[in-house]
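My request is simple: use the sequences and hints to build the entire structure.
Number of protein chains: 2
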Amino acid sequence: MAEQVVILRLGHRIPRDLRVTTHVCLTARAFGADGLVLADVVDKTVERTVLDVCRRFGGTFAIRMGEPWKQVIKQWKAKGGDVVHLTAYGIPLPEAIQTIKASPNPKLVVVGASKVPGEAFELATWNVSVTNQPISEVSALAVFLDRYFEGKQFSINFQNAKMKIVPSTRGKEIIDLTEQRH
Amino acid sequence: MAEQVVILRLGHRIPRDLRVTTHVCLTARAFGADGLVLADVVDKTVERTVLDVCRRFGGTFAIRMGEPWKQVIKQWKAKGGDVVHLTAYGIPLPEAIQTIKASPNPKLVVVGASKVPGEAFELATWNVSVTNQPISEVSALAVFLDRYFEGKQFSINFQNAKMKIVPSTRGKEIIDLTEQRH
Chain A
1 MAEQVVILRL
11 GHRIPRDLRV
21 TTHVCLTARA
31 FGADGLVLAD
41 VVDKTVERTV
51 LDVCRRFGGT
61 FAIRMGEPWK
71 QVIKQWKAKG
81 GDVVHLTAYG
91 IPLPEAIQTI
101 KASPNPKLVV
111 VGASKVPGEA
121 FELATWNVSV
131 TNQPISEVSA
141 LAVFLDRYFE
151 GKQFSINFQN
161 AKMKIVPSTR
171 GKEIIDLTEQ
181 RH
Chain B
1 MAEQVVILRL
11 GHRIPRDLRV
21 TTHVCLTARA
31 FGADGLVLAD
41 VVDKTVERTV
51 LDVCRRFGGT
61 FAIRMGEPWK
71 QVIKQWKAKG
81 GDVVHLTAYG
91 IPLPEAIQTI
101 KASPNPKLVV
111 VGASKVPGEA
121 FELATWNVSV
131 TNQPISEVSA
141 LAVFLDRYFE
151 GKQFSINFQN
161 AKMKIVPSTR
171 GKEIIDLTEQ
181 RH
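Chains A and B, in that order, are what the protein sequence lines are.
Those letters in the first sequence? Residues 1 to 182, by the numbering used here.
Those letters in the second sequence? Residues 1 to 182, by the numbering used here.
To be clear, the hints were calculated from the coordinates, so they are not data collected in a lab.
All copies of an identical chain are treated as equivalent in the list; a pair is satisfied when it fits inside any one copy or across any two copies.
Using 27 angstroms as the maximum straight-line C-alpha spacing, the simulated DSS-like pairs for lysine-lysine come out as follows:
#	residue 1	residue 2
1	K172	K101
2	K44	K115
3	K162	K172
4	K101	K152
5	K172	K152
6	K101	K74
7	K164	K44
8	K172	K70
9	K152	K164
10	K172	K74
11	K172	K115
12	K70	K115
It should be emphasised that the depicted structure is a prediction, and the values quoted were computed from it without experimental measurement.
In structure tokens form, the structure reads like this:
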């Protein structure tokens, strides 16, 4: 199992969840996850947007779609992986994070859009909350990955990028890397 | 100036940004911000959703709408506040956070939906990036507030809540606080 951290997106509704699911994908990619599985449905608009970002900004983030959610979880566990379900009902992240990090197994991080089936709570290795308040699966995922990877997202070098943003105090600075290669 | 941290949401488009702006509001509330200003437009659907969460889950999060964005920033600065503009083009958060925390002034945290006017980069005290990759204003805000408040969101006690989620390893546990008061 080469993938160490993969996101499983449950309950995506077309077209209602287009933008939030895209934000989930982009956050997952930028924060160092290996890929995302969009459960049960195929949404070519999400796929196109995310692959376009990958093509321009580089990296190897992979996206899969349409696989039944329960099958994805069961196969992940059968291969020895852990399942982290992010939910407002779970154990607070600060209490859970050390145990999660101590396990060397690859992590499938489950985030729901609409109501998550009760069975997902049973199948998860850990049900983890990023506050017990209604927030957003995007912010829950961001804070989880930030703490799990200990800020790794600030130093990732995305391979084969066509463009790169250069941090600046004012304004926008972008390097076109395709020109530099010529 | 009683408010210490307020979010300014720029470029909200009705109805396109309804769900993402709602996620911005809920994240701001749960992570300890005092309120949010939706610039330039009034969106009663966003307001209703956010106020409904506040009513059920408690706290004093305030939402204002329709004020011109530049006026909000200028008034904030005129009162001695700092402006933190979250943008992929800015200085990485780990480099900026100590300076930001060292300033005792109230913080206006600016997050854009559509393209942010160049003038916002000029008016900001700091332009700060949560990675220089395309992500999401929701995850940028979450990571900023998590680090700014040093995880305070995990221990906030929201006053006058009607319901409260109790963390659990499996399943969903909610306390109805209105019943307990009788």
